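*Asks:* Protein chains in written order, with our numbering: chain Z, 1 to 763; chain G, 764 to 1526.
I should point out that these hints are in silico values taken from the structure, not numbers from a laboratory. Honestly, I wouldn't trust all of these hints.
Claimed, not checked - The calculated lysine-lysine pairs, modelled on DSS-like cross-linking and capped at a C-alpha distance of 25 Å, are: (1) G/Lys1104 / Z/Lys650; (2) G/Lys828 / Z/Lys556; (3) Z/Lys62 / G/Lys1319; (4) G/Lys828 / Z/Lys554; (5) G/Lys1320 / Z/Lys703; (6) Z/Lys399 / Z/Lys341; (7) G/Lys857 / Z/Lys556; (8) G/Lys837 / Z/Lys554; (9) Z/Lys62 / G/Lys1320; (10) G/Lys855 / Z/Lys557.
Quick caveat: nothing in here was measured; it's all calculated off a predicted structure.
There are 2 protein chains.
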Amino acid sequence: MNIFGKFRLFQIVILTMLILSCENKVDKKEQLSHPNLISTIKGIELIKENLGKYPLIDNSIKEMKDYVDPELLKEIDLPIPVDPSGGYTHEKHKRNYLTMYRAGMLYQVLGEEKYSNYVKEMLLGYAELIPTIELHPNDKSYSPGKLFWQALNDAMWMVHVIQSYDCVYHTLSENERSLIEKDVLKAMADFLSIGSPKMFNRIHNHGIWLNAAVGLTGYTLNDQELIDRALNGAEIDKTLKTFKTVDYNDLALKGFNPDRPAGYYMQLDNLFSPDGFFTEGPYYQRFSIWPFMLFAQAIENNDPNIKIFEYRDSILKKALYTALQLTNTDGSFFPFNDALKGMDFTSPELTLALDIVYQNYPEDPKLLDIATKQGQVVFSEGGFNVAKQVSENKAKPFKWKPINLGDGADGKKGGVGILRHGPSSDQMCQIMRYTSHGLAHGHYDKLTQLLYDNGNEILQDYGAARWVAVITKRGGRYLPENTTWAKQTIAHNTIVVDEKSQFNGDINVSSEHHSELYFYDDSSPNYQIISAKEQNAYPGIEMHRTFAMITDPKLKKPFVLDIFNVKSESKHQLDLPFHYFGEIMNISFSHKVMTDQLKPLGDANGYQHLWLLGKGKTAEVQAKFTWLNEGRFYTITTVTNKNTELLLCKLGANDPEFNLRPDPSFIIRQKEAGNHTFVSIVEPHGSKSLTREIVTNPYGDIKKLKVAYQDENYIVADILLVEDTNLRVVLSLNDNNVSKAHSLIIDGETLKWQGPYLQQFDK
Amino acid sequence: MNIFGKFRLFQIVILTMLILSCENKVDKKEQLSHPNLISTIKGIELIKENLGKYPLIDNSIKEMKDYVDPELLKEIDLPIPVDPSGGYTHEKHKRNYLTMYRAGMLYQVLGEEKYSNYVKEMLLGYAELIPTIELHPNDKSYSPGKLFWQALNDAMWMVHVIQSYDCVYHTLSENERSLIEKDVLKAMADFLSIGSPKMFNRIHNHGIWLNAAVGLTGYTLNDQELIDRALNGAEIDKTLKTFKTVDYNDLALKGFNPDRPAGYYMQLDNLFSPDGFFTEGPYYQRFSIWPFMLFAQAIENNDPNIKIFEYRDSILKKALYTALQLTNTDGSFFPFNDALKGMDFTSPELTLALDIVYQNYPEDPKLLDIATKQGQVVFSEGGFNVAKQVSENKAKPFKWKPINLGDGADGKKGGVGILRHGPSSDQMCQIMRYTSHGLAHGHYDKLTQLLYDNGNEILQDYGAARWVAVITKRGGRYLPENTTWAKQTIAHNTIVVDEKSQFNGDINVSSEHHSELYFYDDSSPNYQIISAKEQNAYPGIEMHRTFAMITDPKLKKPFVLDIFNVKSESKHQLDLPFHYFGEIMNISFSHKVMTDQLKPLGDANGYQHLWLLGKGKTAEVQAKFTWLNEGRFYTITTVTNKNTELLLCKLGANDPEFNLRPDPSFIIRQKEAGNHTFVSIVEPHGSKSLTREIVTNPYGDIKKLKVAYQDENYIVADILLVEDTNLRVVLSLNDNNVSKAHSLIIDGETLKWQGPYLQQFDK
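Same shape as in the complex, but just chain Z (with noise of 0.2 Å):
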């Protein structure tokens, strides 16, 4: 048992101590006032006493009315459970739970009846309708809902629903609320938990919003066992139907305490890293941050002698300053693994995590800022001071700055590495993956580069083909061209060796492994540094990537030098991406274009779906690359040589329902290739202005990449800048050593040197 899982039981001894001693525990009565989950009564009466002085609380209740006062003027419909998601019957049901919730907390703050009594006879509604319903008849999800095609659905519309009955609750008689906990609350409730074992014990975001379900209906219905179940994990009963196993990684069948339920412990204990990292990735984290922090709120409102929010040492502050860092200074959240773009930071699920962590931990105005720009609050506590704190100007900006992640519940399972430099307004920022796989909505792509520049993104991650909730695009959910394209390596900034992707595609295999750091070092002034290796994705190959991000006053901004070395005693293609975004401004290499027609390049694990737009070769030593975003100009300067092939390609192929994205690619092919290095520079330069038809540095300032060494241990890159000036980068391949002393003879002259990186500017 490890130090979380000793905490854990003290917890249990605890809280049972509690419930056993009337003395010491929190107030029977008091733990009875509602509301007591999120809102409380001293959160509602802050925000009642105020209104009209605070723009977050009243943009908040705006949207609010806007949203509910026309579902007040519609005939309510509880239809019986028959559509997938984007469907009828689940669009009304979650339309149902969306419009509750409002009404519920417009009540608290309005005090208007019509909202109360809205939310009683939706209550009334269901008391009726859910003990008549069993198992969603869609059966496409191996945990299936009764509202909805998948639990999860269910969990999501408990969480909403309990709240907007912690809200009511004094409105409804004895008899009302005795009939709706026994035939709504108990009843999901359970469902959801010994009726759902196999995903409420789950480690996943879908197994934490069923844990948050339970626990919050435990706490309005002042039901321990509930409780319990929410925080430990529910027996699992093996024969139910819906005990499934799918899972990768499942720590409840591969060992970890096979016997021992689950819960939401075990999903802190396990889900986020020591930095704070959610396995998944940033998309996933932003999904999943919400129940997390609903259910820790809930606790400290009612049990607060578990200090839930020190637990693990403060994990659940750390899950939120993460989530914030793991965004583009535009608050993107980076689209690694299955992720849909343009979610951000002011994404519900963050204003209310932002609005827990104010409430609960010291008050920090650079989170006011992210406030300012989510526009809302939640009403709570927390959020009354955030709405209250950035009225009085009290807001900080916020710093996005480097870092580097670890992954895996002991952080040790690979990791992020971010460089950035620059203002919030300016700023570059360059993210290189190496983590596990990420459970289920995982991608298999190992060192992969995502760049961002100026607010804009330079080089993408796909992320996922999915139009969420667009009915039209096969009811919302993932598309095949998830699993064809989006997952496939090819759709990513890393390399492909002979046109497979990493792992072969295989979860079970990529389950097993992770990306192992070399070095990472944010603390010269003059370069940040991430540098990382893959040894399982391919079988007998071993690659090494590294990036500097490179700052100098010599330079009129940053660039990032890319060395990716790949060993290898067999030959084999190597396909290294750039899917870059932007409009082709110059091609430095000789190359065709193809101008009547169009093939895909290639038949197989994403390349069926790539258009072969045009194809280079060169007889320099290296190839330049230029494209426009945004009015500034990006340029790839590679070293290539004979064996070097320069593709440009546009996504589109194969995609008989339009579900891809037309984005470009350039693309690096290294043919026969046996240890082999990529060594290339991504450059800002220059401007184009669209008012004023001015052009500044069309061509950039690297005048010259070449490799001037390269041994077993060692690789040196010579950069010849614009005025003569030379850059000279050493990175040292075997020994990561930081105090380590190296020493080298190049071109006759001996260089001498600590640690595993080198950079000097020699004019």
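Using the hints, position chain G against chain Z.
*Replies:* Below, chain G alone, put in the same frame as chain Z:
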């Protein structure tokens, strides 16, 4: 001689009298005080006394300093002109004049001698260079310059240099002045007038630049001959190498008054319609408004008795307001004809024009709204007043409104109809272009649709194929694809007959014709309508297009009904493209997608540039096509029959230099069509939130669209909306008299109405 000619003659007489009579004349000393072009002693004093007070002024100074200060550290270079646009000598001389202008202004407002010294050194340098150079060696222009490949750029150089001279005049010795005036200013003014007679007298945006350059020089040097040339044109010496005849609609050659010189007045009379619409289109309206306004302000400051701002019913004021109405609500100009996307009203040209209009007409607080977005002012009295009053919060919201603008000097050469609905924060804007050709920058398409909504371009005009100022894109000049794609009719949202462009792409033919307004009405609260006919684009074919933007309390959003009636005795293939922006969400008709090979749609007239992605037919009487743009859905519903094909295309075939944007299009193809009417609706609907993952109304509100009746004189369209509301629209095709009574029997019922258009909700 028309009334404007008479007015000009009157002005010349007055001017002559003023020159002859010292008593009546503006005081000579006053005239010689400097600066006195746009910036005046009084304007500069106001600015100097208020430094640090008004952000628009301080921003302007800061931007100038950011530009100039690094230049001061560089060695001055005045290379012998050899390069075309984008090349070193071109860009250097351009940067020289941009720096001189800013340095002159900075000297005036800050008084620092480093700025005046820089200008002096430059001017003396040019005094050495200019006497040594002949015509520019690059012979691509029919009107070559000396410093640049075309005289246009020399004129732009002159306009800036003369202002900088005006600013530092008092810092120069008599000897320096006389050297600079003789070898730089007078020499270049002579070259740009009598030395470039064809261009100087040409009715064209280049012409007005030359006129203004010479006029400003005339006022600065107090040289009445130069002023007269600028106002009234120069004698045409047809033996000069720089005299060539290349223009279309050239009034000087076509009997307008062949022996009469041209100049500023003729430009004012002919380039603008009485509504202030510039015949080359909005992009060039923006470009030419600069010299128009500059010269006007210089005239006003030096010859106030001319009352230039009252000329032609205040045409200069109309020119600005019309330019502003020719923008989307984000400020970007409508991109028909040769036009670069992204040019907007924050450009320096519009900033200058606004400040000058603000000074010389009654102050309009709605202009301050635009000025706030511009963020800068020019250093004139107008600029000062704008900056001051913006700081005093005197701005009122600028209003975009429905408008129909006539084209041509008499306003009767077709025009542009703009329908608008909604506040500027979420406005639908439907434009029909039915103009004359628009000189050399005109495109051939008539009756073209452009559509904006929610701040975004929904149905686009491609604009021009050019990356202005980008040297790697053929020196920033117009690209071959501007001719092979951008000017072709298939690149526009209007009918193409038999895959040939309108007027067969012959500018000589197109320039002889224009479309005719049928009617325009923005008086109804329920609809706005624009209807026009084109008789000449294809011999033997009459095209008549009508757009109604329909609004009603019954409708969630307005939509656009498009009735495009074609009369032809012979059979043809008719293509009606919709160049939409967004991602395909739904296709109602059966279709085949080209999954593993793409071929161009055709082989000439722009068709060679379109990849055919998919092809559909439908057995239904209508087809629907839905896409998503920035969180809102759009659906085209169109009436179909067995001869209708539906094509999905994407731009990019036969584009060996990647000069074209890969934009998508949806094309309705009617085969074997004689008389045929396309009846379509473009409808915005619903929403998709990226951060809330909620989708509303993905199918839209148009259930059924059909032609209920049609004969030679009438067409009746019935539109069935959701909730079974029916809307009937009746259009009279051959009588646009608004008071004419009509009656028609449809399905046994007699319909009576008055005027060319009837719209009825029958439920």
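*Asks:* Determine for every hint whether it applies to the structure shown.
*Replies:* For each hint, the structure was consulted:
{"no.": "1", "hint": "G/Lys1104 / Z/Lys650", "result": "23 Å, holds"}
{"no.": "2", "hint": "G/Lys828 / Z/Lys556", "result": "18 Å, holds"}
{"no.": "3", "hint": "Z/Lys62 / G/Lys1319", "result": "20 Å, holds"}
{"no.": "4", "hint": "G/Lys828 / Z/Lys554", "result": "22 Å, holds"}
{"no.": "5", "hint": "G/Lys1320 / Z/Lys703", "result": "55 Å, violated"}
{"no.": "6", "hint": "Z/Lys399 / Z/Lys341", "result": "22 Å, holds"}
{"no.": "7", "hint": "G/Lys857 / Z/Lys556", "result": "22 Å, holds"}
{"no.": "8", "hint": "G/Lys837 / Z/Lys554", "result": "17 Å, holds"}
{"no.": "9", "hint": "Z/Lys62 / G/Lys1320", "result": "21 Å, holds"}
{"no.": "10", "hint": "G/Lys855 / Z/Lys557", "result": "23 Å, holds"}
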